[in-house]
Amino acid sequence: MKKNLRNKIALIFGILLVFLYGTFFGFDAPKFGESLNKQLTEHIHLGLDLRGGAHLILQVVVKDAINAETDNTAARIQQDFQTAKLTLSNVLKPNPDAPQTIQVTGTDPAKSTEVRDELTTRFGTEYDVHSGSDNSWTLTIKPTVLAELESKAVDQSIETIRDRVDKLGVSEPVIQKYGLGENQILVELPGIDNLDQVKDIIQSTSRLEVHEVASNSAAGFATEAEALASVNGVLPPDEVMLHGDSQGSTTDNADHIFIVKRVSIVGGKDFRDASAIGANDMGRQGVNFVLTNAGGERFYDYTSTHVGSYMAITLGDRVKNVAVIKSAIRDQGQIEGQFSKDQIDALSFTLRTGALPATIIPIEQRTVGASLGADSIRQGVIAAIVGMVAVMAFMLFYYRGSGINADLALILNLVILLGFMGFSHATLTLPGIAGVILTIGMGVDSNVLIFERIREELRAGKGSAQSVEQGFAHAWITIVDTHVTTIVSAAILFIFGTGPVKGFATTLVFGLLANLFTAVFVSRVIFDSHLENKTVGAKLSI
Amino acid sequence: MEGEGIVELFGKVNIDWLGKKWYFLGFSLIFSVAGIIAMSLTYAKTGSPVPLGVDFRGGTEVQITFAAAPDVNQVRQAIDAAGIKDAKIVGYDAPEKHELLVSLPEQTDATVDTGRKQIQDALTNSYNNKIVSLSVQAVGPTVGKQLEKQAGLATLYSLVGMLIYLWFRFELIYGVAAVVAVFHDTLITVGFFALTKQEISLTVIAAILTLVGYSMNDTIVVFDRIRENLRLTRKEVLTEVVNRSINQTLSRTVLTSGLTFLTVLALYLFGGEVLHGFSFALVVGILIGTYSSIAVAAPMLVAYQDWRGAKGKTAVLPAAKRTKK
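Those sequence lines, one after another, are chains A and B.
Just so we're aligned, residue 1 is where the first sequence starts under the working numbering, counting upward by one.
Just so we're aligned, residue 1 is where the second sequence starts under the working numbering, counting upward by one.
Source of the hints: derived by calculation from the structure; they are not laboratory data.
Every residue, glycine too, gets a C-beta built ideally from N, C-alpha and C.
Mixed in with the good hints, there may be bad ones.
Reference listing, derived: stretches of chain B covered by chain A, where coverage requires no fewer than 3 residues with Cβ under 8 angstroms from a Cβ of chain A [said to hold, decoys possible]:
1. 30-36
2. 191-200
3. 206-218
4. 251-263
Between beta-carbon pairs, the in silico distance windows are [as the list claims (entries may be wrong)]:
5. B:Y304 x A:Q176: 55 to 61 angstroms
6. A:I477 x B:A303: 49 to 55 angstroms
7. A:V381 x B:S40: 39 to 45 angstroms
8. A:Q176 x B:K45: 36 to 42 angstroms
9. B:K88 x A:G106: 57 to 63 angstroms
10. A:G461 x B:W22: 35 to 41 angstroms
11. B:A68 x A:L168: 54 to 60 angstroms
12. B:L269 x A:P96: 17 to 23 angstroms
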């Protein structure tokens, strides 16, 4: 059917144009001002291994976030008990490795029903409340709430990191969850090859907290042994030993040990900002801090009832300053001494962009220098061209006229592959280029399959048209089989692989899908149009 | 024959492939055993059957490109002076590229970063040969183990997926024969890595999984032809049918493997150092994969059939009963 054939040819040209468009412009309209090269790379992203940049996998220590949450709850319990006029002797977290459990000790045995009511009504949705021996009560975070907290910690970390990276002005950063549920974050920063500067900014937790000092002195102890001796060798469960800078008149640089209450009065998210106060003559500055409204309320409550006692201001678990509470403080205060300008800037930056809810540790990092990336692209492209030319030349040599058929299909294959990638904004990595090369080899496989079968039919004495038809009919099933098995492997690689391997799986799958189309439909159309045009009885060049 | 001047590799071939199965078995055995010996030796020395890339074993690798040819001893001194122990320094890629690879053994998760920083500082501070560019890979043990697990799962799922697909399209025995052939290919390819002391990284695993798919391809083409021929004839013995099928598809098998091999060879020769392990796996794998479809999968099919016949069970595959020679 001539008309049918013409429609098919029109369809093929249409597809060629569509996918050519997709390669450069994707689904967007072409921008006439920009160069083609630029638009090409806008839609087909280059992976880090080709562009150069930094790749980090960060482990979110979700325990920190849970700690912060239970600290918060502990403070609320104390306040609630005060308002409800119930007594307790202590709220603490008995096991530092299991921060999801809070213990309330020393409640009034006579009021145990009120205590239970109070605890369950206020905290029952998030905590399981159990009574223990000796008038103590345990609150444990429910498992579903725990999972949610962990997931929220990771999400928040991602948002905070994204904020910080944005302020650094990195183009097209990738920040997302990584792995299968182990609370890890993937950060990819193209173009950055100095990891140090970036990591410091991303990682800084700058967790600013205020703790009650357990001993009634400001100086701290010189060694841990001395500190322990002051509490008769056993540290109470609600207290913790922290290292810190020396205070007051002794401005040596040695570490001092302080014993503070584990649960902070205010900390982390309660701080809204920090700024520098004038420098003293040693170039060190004090910090003026501002609390949020809620934090301010709590701080006021504490300080108004504890005038005269000492509080320790810690930055990242290190005691920076011990001050005596002279009067009630609401939401603004000062910390003296010991900060360098860089520290204050970093502190202020992180307090403003929001503090990280938990510590993050880099567990994997890779950087690729930009020149290495460019090298890789060059080598990949050379290999691709060599491979393609070799294959095309061989097909021409071995199958003569029909070799042109195969070569045309191969070129169309590549255009469709690149178009797929442009449309889907896929990332091209170095193994991805290898995938393209592999597609060339495997794609031409289908053509060989069909052509060999056609030759066989011709050998058996059948006419040209019939041989072509038989060739395609018999080869079709095998082509589908072989493509499906390789696509299955590629799909599994995509699921389980990391960045570069995913890129490989992507090009392989797209290439094979394109090949299913070109090897069967396009090749057939080319044969048919050739058969239509040749004279009866002339030989098929194959 | 219609076309004259046709170039044809295999006109009318009539080789008795199955008759040669003992040669094939011997050949496969030699390579398999060599591979296993190499793997045992590597295991004894390093605790893992093949040299592992930094992806899996963890540790730090810094690849440094210098402006001028670096003196390895000077670099070593600079690194030692910075107090870094256990650093391994080797040249990387062609000597005119002035590249060195400095590796540190595995750290804990918390110190993944410090090793890299130390190397970088040591070189920029005390070594005045300008550093043109730097690439770093630092992998902590957590991620290393995760990747191992992922690679293992991917391989397992791949094989199971193949088996199921083949079971649907053919009989189970075809699937089993194909999987055995693939296993044989993977064993020999990995053995080659142990023999040539090359590292296996995640991209190499990707290459191996691709090979699994590719080897299946080849085997399927032969099986398809066997199935088609079995449908057409009830008079021939299975051995003859299989031999004929292989001969009929020989042209196609050698050609496509040859063409894919051409492209992969281009990758091996021109694709650069980063993809070296990947392309090596493909080069070896394609050769072995083609070989195994003829030499391992097909004989297994016949052997299974004979075994069933010897035990008096009915034939799984339709064919004439085996006549005594």
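Margin query: Which constraints among the numbered hints does this structure fail? Numbers only, ascending.
Written below: 1, 2, 5, 6, 11 and 12
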